[in-house]
Amino acid sequence: MGRSVLTRLERLPRRGLTVLSLQGLSLLVPGGWSNTTSAESLIAEVIGSHDQALVAQVRARADQLSRARHEGYGRALSVYDAVNRSQHATAGLRVLAGVSAGVPLLKRLADLTPPGDTLQAVDLGLKVSAELLAFTQVNGLPGDSFSDFAAALADYGSEARLRMAAMVTFDGLLPLGDQALRRLDGLLGQASTTQLRQLPAYRRMAGLMPGRNDQAHMGFVRRGVEQWVGWAEGLVSQLGLSGQRAVQALETTLGPWQGRMDQLAVFLDAFTDTYAHTGVQAVARRLVERAAAEI
Amino acid sequence: MVMPRPFRWIVGLLLAGALLVGGVLLLPFADWLPGGTVADLPLQQVVNGSNFNRLFPPSDPDFRITMSQEKRGFSEARLKQGDQVIALLAISDTITAPEARAKFDQAKQELEGWPLVEQGPHASALLVADRFQVKVIEQGSALDADHRHSLLEDFDLQGLASLGSPSLPRS
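So the sequences go chain by chain: L and R.
Number 179 in my numbering belongs to position 179 of the first sequence; there are no gaps in the numbering.
Number 63 in my numbering belongs to position 63 of the second sequence; there are no gaps in the numbering.
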């Protein structure tokens, strides 16, 4: 099953567009964000000690857990990877369309065709469902009741605030405008299963979703989004997120942007891995918390 | 090397057939291949985390308990004061981690009759019924060892002890 979660964590980039755009966005999220790429310091942070022997024990246990296929850590990461590849593929095509018009990339970048709003909404819906699926793969279904589960999800949401803020801004506010969350349900209502099938990530996730056909999966996506939107609106108003503020924050690290907001969204989709990057970090943290408790 | 044409066809077909048969045979049994579960133990032998949930200390308005993970042989919760996470509370079945049980051999302290050890400056662990490990890992520095021990006592240790067969071979 490929590399362990902690190895993946250590191979995450320390600089580059992904890190820069996350750093830019983190200006809007109180508490900020540090780009954790060292398994050792993550473990030390969780157990509150730099004791070499203890850190090594936690690491060994974490690797054992992430190697076990049944535990779902690998599956969660592969869902993230699929979403990431899918995002690159669709956005990359649009960038390529610009290049193939025979004009240098940088000039044409401003003319990138943004995806149709419905397709964009389905893409965001799929990301929300991917998050839900990965959460259950990593954490199981915590607690004995639905309210326990909802509390666990909300708790995770506040822990992974930057990740959620990135999802809301990069895949919601920038491409769909500030009313994105309110429009989301309507847009998903117009979407057909054809649009779902157009997204490469769907193929990887279909097997993990409840229900047997595309129609049922579409229903799952919509229900997941319904649950998530209320929470996400709270996050948006709490942090005061908007497309304009996001662009300003991103400009502090990425440099000035002259194009439209939806073009910035295509650019970010094509050239950054924020979803998988923060995903690996979130999974690694939960895994280390478990390993620390089990040694 | 030059092979006669019919021979090449036969080799090709054989390879394709072997691939097909191998794929059909192996894919559905992926769960049975070694490495599927932690420590290669069958899942039935490991107590499910959902059995642990009700054994956690009760939540109160000042110190809220939010369940955070539940897997086979493991359940974890966060203890929060306001929005601040002050400790991770966990119960795990050591059947998949015999080396975790070994550290209790040198235990000098006891709590309600069960061996108790400190792991580093911020974590206390208790081994119940020679099988289940109950652990409090402090986050930040709001709890001292005595606090951690009283948290351990707040778990339903009797209920936990009754969950599993008490005698497991030590490795």
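Since the hints were made in silico from the structure, they are not lab data.
Ideal Cβ placement from N, Cα and C applies to all residues, glycine included.
Treat the hints with care, as some may be off.
Stated by the list, open to error - Going by beta-carbon spacing under 10 Å, a handful of chain R positions derived as facing chain L:
1. Gly73
2. Ser75
3. Lys80
4. Thr94
5. His122
6. Arg131
7. Gln133
To be verified - So these bits of chain L aren't anywhere near chain R, every CB distance computed over 10 Å:
8. Leu17
9. Ser49
10. Asp51
11. Gln64
12. Leu65
13. Glu71
14. Gly92
15. Asn139
16. Leu141
17. Tyr156
18. Arg183
19. Pro210
20. Thr252
Against the structure, the hints:
no. : hint   : in the structure
1   : Gly73  : 8 Å, holds
2   : Ser75  : 8 Å, holds
3   : Lys80  : 8 Å, holds
4   : Thr94  : 8 Å, holds
5   : His122 : 4 Å, holds
6   : Arg131 : 13 Å, violated
7   : Gln133 : 7 Å, holds
8   : Leu17  : 32 Å, holds
9   : Ser49  : 4 Å, violated
10  : Asp51  : 5 Å, violated
11  : Gln64  : 6 Å, violated
12  : Leu65  : 6 Å, violated
13  : Glu71  : 6 Å, violated
14  : Gly92  : 31 Å, holds
15  : Asn139 : 5 Å, violated
16  : Leu141 : 6 Å, violated
17  : Tyr156 : 7 Å, violated
18  : Arg183 : 31 Å, holds
19  : Pro210 : 18 Å, holds
20  : Thr252 : 27 Å, holds
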